[in-house]
Amino acid sequence: MPTATSSNVAKLPEFKIQFHLRSNQPLIYQSCKEFHVHSEKSPSLVDKTPWSPFCMLGDFEFAEIALASLLNQQQVNALLDLFARVTQGAIQVMLKNDAKLHKVCDAAVMELTLV
Numbered sequence: 001m002p003t004a005t006s007s008n009v010a011k012l013p014e015f016k017i018q019f020h021l022r023s024n025q026p027l028i029y030q031s032c033k034e035f036h037v038h039s040e041k042s043p044s045l046v047d048k049t050p051w052s053p054f055c056m057l058g059d060f061e062f063a064e065i066a067l068a069s070l071l072n073q074q075q076v077n078a079l080l081d082l083f084a085r086v087t088q089g090a091i092q093v094m095l096k097n098d099a100k101l102h103k104v105c106d107a108a109v110m111e112l113t114l115v
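My numbering puts the first residue of the sequence shown at 1, with every later residue one more than the last.
Take the hints with a grain of salt, since some may be wrong.
Think about it this way: if two alpha-carbon atoms lie no more than 25 Å apart in a straight line, the pair counts; the simulated SDA-like pairs of lysine to any residue are [to be verified]:
#	residue 1	residue 2
1	K96	E64
2	K96	R85
3	K103	F83
4	K96	L114
So the derived label-pair ranges between C-beta atoms look like this [as the list claims (entries may be wrong)]:
#	residue 1	residue 2	range
5	L114	L82	41 to 51 Å
6	L80	S23	30 to 40 Å
7	L80	D106	21 to 31 Å
8	Q74	K16	46 to 56 Å
9	A78	C32	56 to 66 Å
10	K100	E61	12 to 22 Å
11	Q73	W51	29 to 39 Å
12	A63	K16	54 to 64 Å
13	Q74	T113	25 to 35 Å
Keep in mind the hints are simulated off the structure, nothing from the lab. Glycine is no exception: its CB is placed at the ideal position from the N, C-alpha and C atoms.
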């Protein structure tokens, strides 16, 4: 059985760089010296479209909210239709946050509740 000699061990790479499967980057083996030189000069790989496969950041953010809220198909379609009408100027939405929504709903309850 062969044994590792000091000369063989010195030739083994010290760093194994494995990228995410979807990055399509090959596996890289480097010595300590190569790794430090390469990592200092190499610009970081920045994904300019981290929301992919969504076409736009807004699509991703909408999907994130819709899924977290467990919206059903009818609710998703209604919200997207509302966005389209607001964007086209057909209607306006004046609510700015949850507190404003609750204030208006509370006022509606007071107005519509018989005392």
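Problem set entry | Supplied distance hint 30 to 40 Å, evaluated on CB atoms of L80 and S23 | holds, 32 Å
Problem set entry | Range hint compliance [Cβ, L114 to L82, 41 to 51 Å] | Violated: the Cβ-Cβ distance is about 31 Å, outside 41 to 51 Å.
Exercise. Taken at face value, is the distance from the CA of L114 to the CA of K96 at most 25 Å?
Worked result: Roughly 29 Å separates the two Cα atoms, so the pair is violated.
Problem set entry | Satisfaction of the hinted span 12 to 22 Å by the C-beta atoms belonging to K100 and E61 | holds, 21 Å
For this session: Return holds or violated for the Cβ distance of A78 and C32 against the range 56 to 66 Å.
Result: Since the Cβ atoms of A78 and C32 sit about 58 Å apart, the hinted range of 56 to 66 Å holds.
Exercise. How does the Cβ-Cβ distance of A63 and K16 compare with 54 to 64 Å: does it lie in that range?
Worked result: Violated - the Cβ-Cβ distance for A63 and K16, about 35 Å, lies outside 54 to 64 Å.
Exercise. Between K103 and F83, is the straight-line Cα distance small enough, at 25 Å or below?
Worked result: Given pair K103, F83 holds - Cα atoms ~22 Å apart, limit 25 Å.
Exercise. Is it true that the C-beta distance of Q74 to K16 lies inside 46 to 56 Å, as the hint says?
Worked result: holds, 50 Å
Problem set entry | Agreement of K96 and E64 with the hint, judged by alpha carbon distance not exceeding 25 Å | Roughly 20 Å between the alpha carbons, so the hint for K96 and E64 holds.
Exercise. Measuring from beta carbon to beta carbon, are Q73 and W51 in 29 to 39 Å?
Worked result: Once the Cβ atoms are compared, 22 Å apart, the range 29 to 39 Å for W51 and Q73 is violated.
For this session: With respect to the beta-carbon atoms only, verify the hint that L80 and D106 lie 21 to 31 Å apart.
Result: Roughly 28 Å apart at Cβ, these two residues keep to the hinted range, so it holds.
For this session: Quickly compare the C-alpha distance for K96 and R85 to 25 Å and report which way the hint goes.
Result: At roughly 17 Å apart (the allowed maximum being 25 Å), R85 and K96 satisfy the hint.
In the structure shown, a violation is registered for the earlier hints numbered 4, 5, 11, 12, in ascending order.
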